Amino acid sequence: MKVLVPVKRVIDYNVKVRVKADQTGVELANVKMSMNPFDEIAIEEAIRMKEAGKAEEVIAVSIGPQQAQETIRTALAMGADRGVHVLHDGVVEPLAVAKMLKAIVEKEGPTVVILGKQAIDDDCNQTGQMLSALLGWSQATFASKIEVGDGELTVTREVDAGLETIKVKTPAIVTTDLRLNEPRYASLPNIMKAKKKPIEAMSPADLGVDPTPRLATLKVVEPAKRAGGVKVADVAELVSKLKNEAKVI
Amino acid sequence: MAIPLIDPDDLAFTLWRVLGAEALTHYPRFAEHDRGTFEAVIETARRLAEEKFRPHAAKSDANEPRLENGKVVLIPEIAEAVAAFAEAGFLAAHHDAELGGMQLPWTIQQTAFAHFKAANVPTAAYPFLTIAAANLIHAHGSEEQKRRWMPPMLGGRFFGTMALSEPHAGSSLSDVRTAARHLDDDRYAIKGAKMWTSGGEHELGQNIVHMTLARIVGAPAGVKGLSLFIVPRYRLGADGAPAEPNGVRLVGLNHKMGYRGTVNTALSLGDDDDCIGWLVGEPNQGLRQMFHMMNETRVGVALGAIMLAYQGYLESLDYARNRPQGRHPGDKDPTTPQLPLIEHADVRRMLLQQKAVAEGGLMLALDLALRIDRGNHDPDDTVRAREALLLDFLTPIIKAWYSDRALEANSNAIQIFGGYGYTRDYPVERLYRDNRLNPIHEGANAIQAIDLLGRKASMRDGAAFTAFLDEVDTALAEAEGIAEVDAIRAATQTARDDLAKTTVALLAKAPDIGPIKLLANAHAYMDLAGLVAFGWVWLRQAIVAARDLDNAPRGRPRDLLQGKLHTARYVAAWELPRTAQHAALLMALDDSVLSMRDGWF
Ligand SMILES: Cc1cc2nc3c(=O)[nH]c(=O)nc-3n(C[C@H](O)[C@H](O)[C@H](O)COP(=O)(O)OP(=O)(O)OC[C@H]3O[C@@H](n4cnc5c(N)ncnc54)[C@H](O)[C@@H]3O)c2cc1C
Ligand SMILES: Cc1cc2nc3c(=O)[nH]c(=O)nc-3n(C[C@H](O)[C@H](O)[C@H](O)COP(=O)(O)OP(=O)(O)OC[C@H]3O[C@@H](n4cnc5c(N)ncnc54)[C@H](O)[C@@H]3O)c2cc1C
Chain A
1 MKVLVPVKRV
11 IDYNVKVRVK
21 ADQTGVELAN
31 VKMSMNPFDE
41 IAIEEAIRMK
51 EAGKAEEVIA
61 VSIGPQQAQE
71 TIRTALAMGA
81 DRGVHVLHDG
91 VVEPLAVAKM
101 LKAIVEKEGP
111 TVVILGKQAI
121 DDDCNQTGQM
131 LSALLGWSQA
141 TFASKIEVGD
151 GELTVTREVD
161 AGLETIKVKT
171 PAIVTTDLRL
181 NEPRYASLPN
191 IMKAKKKPIE
201 AMSPADLGVD
211 PTPRLATLKV
221 VEPAKRAGGV
231 KVADVAELVS
241 KLKNEAKVI
Chain B
1 MAIPLIDPDD
11 LAFTLWRVLG
21 AEALTHYPRF
31 AEHDRGTFEA
41 VIETARRLAE
51 EKFRPHAAKS
61 DANEPRLENG
71 KVVLIPEIAE
81 AVAAFAEAGF
91 LAAHHDAELG
101 GMQLPWTIQQ
111 TAFAHFKAAN
121 VPTAAYPFLT
131 IAAANLIHAH
141 GSEEQKRRWM
151 PPMLGGRFFG
161 TMALSEPHAG
171 SSLSDVRTAA
181 RHLDDDRYAI
191 KGAKMWTSGG
201 EHELGQNIVH
211 MTLARIVGAP
221 AGVKGLSLFI
231 VPRYRLGADG
241 APAEPNGVRL
251 VGLNHKMGYR
261 GTVNTALSLG
271 DDDDCIGWLV
281 GEPNQGLRQM
291 FHMMNETRVG
301 VALGAIMLAY
311 QGYLESLDYA
321 RNRPQGRHPG
331 DKDPTTPQLP
341 LIEHADVRRM
351 LLQQKAVAEG
361 GLMLALDLAL
371 RIDRGNHDPD
381 DTVRAREALL
391 LDFLTPIIKA
401 WYSDRALEAN
411 SNAIQIFGGY
421 GYTRDYPVER
431 LYRDNRLNPI
441 HEGANAIQAI
451 DLLGRKASMR
461 DGAAFTAFLD
471 EVDTALAEAE
481 GIAEVDAIRA
491 ATQTARDDLA
501 KTTVALLAKA
511 PDIGPIKLLA
521 NAHAYMDLAG
531 LVAFGWVWLR
541 QAIVAARDLD
551 NAPRGRPRDL
561 LQGKLHTARY
571 VAAWELPRTA
581 QHAALLMALD
591 DSVLSMRDGW
601 F
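In order, the protein sequence lines correspond to chains A and B. Here the first sequence is numbered in this note's numbering, starting from 1 and rising by one per residue. Here the second sequence is numbered in this note's numbering, starting from 1 and rising by one per residue.
Honestly, the hints are just simulated from the structure, not real lab data. Source: prediction; values computed, not measured. Each residue gets a CB set at the ideal place from its N, CA and C atoms; glycine is no exception. Please note that the accuracy of each hint is not assured.
Going by beta-carbon spacing under 10 Å, a handful of chain A positions derived as facing chain B [unchecked claim]:
hint, residue
1, D12
2, N14
3, A29
4, N30
5, T74
6, A77
7, A186
8, P189
Where chain A lies over chain B, by a calculated footprint (3+ residues, C-beta under 8 Å) [unchecked claim]:
hint, stretch
9, 42-55
10, 113-122
From chain B, some residues computed to sit far from chain A (all C-beta separations above 12 Å) [claimed, not checked]:
hint, residue
11, G36
12, E68
13, A79
14, R177
15, A179
16, G240
17, P245
18, G281
19, Q289
20, H292
21, D404
Please construct the entire structure, taking both the sequences and the accompanying hints into account.
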């Protein structure tokens, strides 16, 4: 079977994000970017399926600017077989991404698509679910364990109440949670091998999708600074403050 | 958020903007690379260092290696980190593809290794020693020796050491006594005692390969009679796997001030006449062979010292921003909130000293790594020869000057932490202890100063010295007319002139006064030359920063460049003027140190 893994280029998780002065978004100039951490987990899982003899090919897909090719290269250096790059500058929303992925899925015919449960830039947590709906495939979100069976997957999901194990028929969509695996480092020999692996380039138009955003961002602001705490002398003072200052009781 | 190992913006500025390391891809050997592969390698190093090396640095310091039933016990995290390092392909990275390498330039390898040094220099020592030992076999060993020893070393199954020092012979290797008696072919019976061997015994791999200096029976006295041997812990069977023990006995472990994770050993070779060494290359060439890669090794030691300074800088910067303490002089109102430490001018002075040494040192280390690459791979003979000369001149400087200044930087980090810095609850005292080794080993700093003034300054009729002055002059000329760099340009010019006139005067007097008098004040000469090199790197950074400033976006990119320009101003005002004092003392042939007598102490 083929496994398709969409990977997104996002601000590196170590970067302290700053809002642009004009409040239209966050500062991206000269900011370190890397692969969305949940997508690294997705790539790792796909490679493990291949190493276990359960998958034949792992395809990494990225939708984004020219530099998104670097993100695909990272996936290839980890062990993915080839890449697909949909060149698009500017914002893309989950629905447009899901539509483009649907077109790629129809072309490539994977049995499983593994996505990150969310991207750490916009935290939408939508693309996997939307893709599942558009394709009419089963979905298993927030996976912390995946077992590949015959025509089905057994997936353990992280849910509010604990862990839930479900079976889904393939073809299926899976989205990864943090504890699914620990992604590997790109080893140096594999970094060199990745240079020779193919990346197919295309545009949203090639896929018949109009990526124009459907949502308008009014403004982006820094989260409010937390005020410093105060020590209270006794319970009476605490109750009085909660009542009169915080006005929560 | 954890403190980074290296400020990524500083690294990018230094490596790509100032040094232009991307140009390496023009050499045929590196043609398969591009900036993307370089950055991917550095990123793998950063992650591996952060995830597998840094977390156990404090633990391995607190739990030094110990002996249990005759076996060396290390904390298990060391083995895990070292295995991950090997698995990622770093042991072989600079070698050809046939050896499992990727023909990585030395410059990029050093940039990658800087992250491991910043994260945990004692754990990193195990693979680094192995790389150095394998390099020696690669450069001087027979085909048979390469075939037998290199693959398991580059694969992380065998580890390497350097066994030079003996109890009575540290700085003075000419007094090495370990004896080698010829058996047959390249086999010799080895007998003697080695001291200070780092990584001399442990159970991290299947075998340990000691690159050992010994004297073949009947060989001349002094360094000219030393030969290099492969002395393994276990001999190899016909299949190449470790078989019977080879008579290398662990006498004991040394209990160190710092660098504790690296087990340090006293070894006895051939107590029962049962230790075999395999001669590498020709007899009596041992020291020359060892020193073949001396520049690389010493720049590597300096980079370690510099990265410890870099960590101390980032730690104390973070602390200074977050610790409220005191108010401005003149502010007598105790009801106002206390200010963060960084508001105090003297704290900024200590941060600037650290920043100048850490970032300036990183640049010089990478600049020298580039010279190693160009010296090895440039098609033009004159370029290769010139880079080799510059490397010869600058190596003792980066080793000695930076290891001294890096220690001062770590001391400043402790000072900024105040009483907390003096406790083991914060990492800065450990950084200082780890760093205290660097002025001692790989040629004590006194030996480096003697090498610089006694040999490098005059070598090839002063060609190395002149090449260095030319480089400084090129930067000075480039700075002409850039208003933002006026202060550092003027100060570097003065320091450069102090060095030039002092060197010319001393070398002119050398034949009359003799080496003892010439070298008595070598320490001052080292500081003089070191300061000129310090001004030179900061001038080069300042020139690029001034050029880039106009188009830099507000916020961090602009702050980075302003920080560079301002640090250059600090270097000009606080550091470089010391050269006048040194020039005066040296030119006067001051003998206050030399003529002091033993009995007067
Ligand atoms: C932690 C650690 C790890 C080490 N690892 C290794 C290793 O792996 N392999 C190995 O072979 N060795 C190793 N060494 C040994 C190291 O290289 C020596 O300690 C070093 O060469 C100094 O020798 P020494 O300790 O005998 O000091 P000495 O030679 O006794 O020197 C002491 C001091 O005297 C001064 N001095 C000595 N000679 C002169 C001179 N001619 N002119 C002016 N001043 C002088 C210097 O200030 C010097 O610091 C290690 C040492 C340590 C502490
Ligand atoms: C081993 C040890 C024993 C001690 N014993 C005692 C004891 O017996 N009794 C006792 O009362 N205390 C004791 N102390 C506390 C000691 O006096 C304090 O550590 C010291 O006064 C520094 O205060 P601090 O550690 O809070 O550092 P901070 O006040 O936070 O200062 C940290 C650094 O910031 C800088 N700095 C701070 N303020 C200014 C300023 N206004 N201008 C410029 N720079 C500034 C300095 O470089 C200073 O080193 C001890 C400390 C240690 C480590």
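Those earlier numbered hints the structure runs against, lowest number first
10, 11
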